[in-house]
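Chemist: So the protein lines, in turn, are chains A and B.
Residue 7 in our numbering is what sits at position 7 of the first sequence, and the numbering runs on without skipping anything.
Residue 66 in our numbering is what sits at position 66 of the second sequence, and the numbering runs on without skipping anything.
Hints were generated in silico from the structure; no laboratory data involved.
Quick caveat: nothing in here was measured; it's all calculated off a predicted structure.
Some clues are possibly wrong.
[To be verified] Okay, the calculated bits of chain A under chain B, using three or more residues with CB under 8 Å as the criterion:
id, stretch
1, 6-16
2, 67-75
3, 91-105
Beta carbons are placed, not taken as given, at the ideal position from N, Cα and C, and that holds for glycine.
Protein chains: 2
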Amino acid sequence: MDYADQPTDCCSIARTVSITGDRWMMLILRDLSNGLRRFDELIGHLRIARDVLTRRLAALVDEGMVERRPYQQLGQRPRDEYRLTAKGRDFVPVLIALMHWGDQHLAGAAGPPVRLRHADCGAEIRLELRCAAGHELTPGRAVEREFNAAALDG
Amino acid sequence: MDYADQPTDCCSIARTVSITGDRWMMLILRDLSNGLRRFDELIGHLRIARDVLTRRLAALVDEGMVERRPYQQLGQRPRDEYRLTAKGRDFVPVLIALMHWGDQHLAGAAGPPVRLRHADCGAEIRLELRCAAGHELTPGRAVEREFNAAALDG
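Just chain A, with the same shape it has in the complex:
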């Protein structure tokens, strides 16, 4: 099957960006993956409008990427905090891929703002494209698409 004949919406990229393909969604997921959990922490860091954050968090909860957990500070009313679910944590490689592209192409003279290191050994972390037989690949080179006719018809 030719790529141009494959429906644009029956595609895992299109499906994913229909949920997360919005600058705020990416930044909220980034902040949650970095350990911010409370509505006011997110507001303070992202400088996002409250109603925009409310709507995006509700969408992430509906999607099962984020869960609400109640907490209560002494003398205050109960509030919710927000944590990534396993489904939300599975999104972290997308964030790391975005980060690497920015590190490569948008860093200033001082270099990337943050580096990720393996906590156990201190070596820098990167995303690698590999096949199951262990060969490392360059994206777009030597990659073959196999269409799943059953999924494309469905």
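Knowing the structure of chain A, use the given hints to seat chain B on it.
Modeler: For chain B alone, kept in the frame of chain A given last:
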């Protein structure tokens, strides 16, 4: 430095999504990386409004991710086709990461629509998070952030 004190914009993820953080940008980059090159091919596949595609392509050209190359078909006026530059091809890991998340979480009963295989050996392709010492990591586990004070100040 604490994550909450790091400015939200001095971040390679924020910088990258300020350029590409839009559903159409991702889908245009997807289609170009799959070999579609001509304006009308993109219109036909994406079902995007002409003015929206024109603006997004111009932004990708300005950003150096896409280049225009003239072509002419017999008896027709000269037109441009659009190809990813090296900077644009470097974005492919983001698309593959989005695809993998969709494959994991949004595929129907028939499975993912497309699988990527290594053309040389046929084995399936996946993104792996590894440190330079070769340890494979699970995102969010054993990852340490090292802040670059010079880049954060700048």
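Chemist: Indicate, hint by hint, whether the structure satisfies it.
Modeler: Evaluation of the provided hints:
Residue count for the stretch 6-16 of chain A with a Cβ under 8 Å from a Cβ of chain B: 9. That meets the three needed, and the coverage hint holds. Restraint check on the stretch 67-75 of chain A versus chain B: 0 residues with Cβ-Cβ distances below 8 Å, three needed, restraint violated. Counting residues of the stretch 91-105 of chain A whose beta-carbon sits less than 8 Å from any beta-carbon of chain B gives 15, enough to reach three: the coverage restraint holds.
The structure does not agree with numbered hint 2 stated previously, though it agrees with all others.
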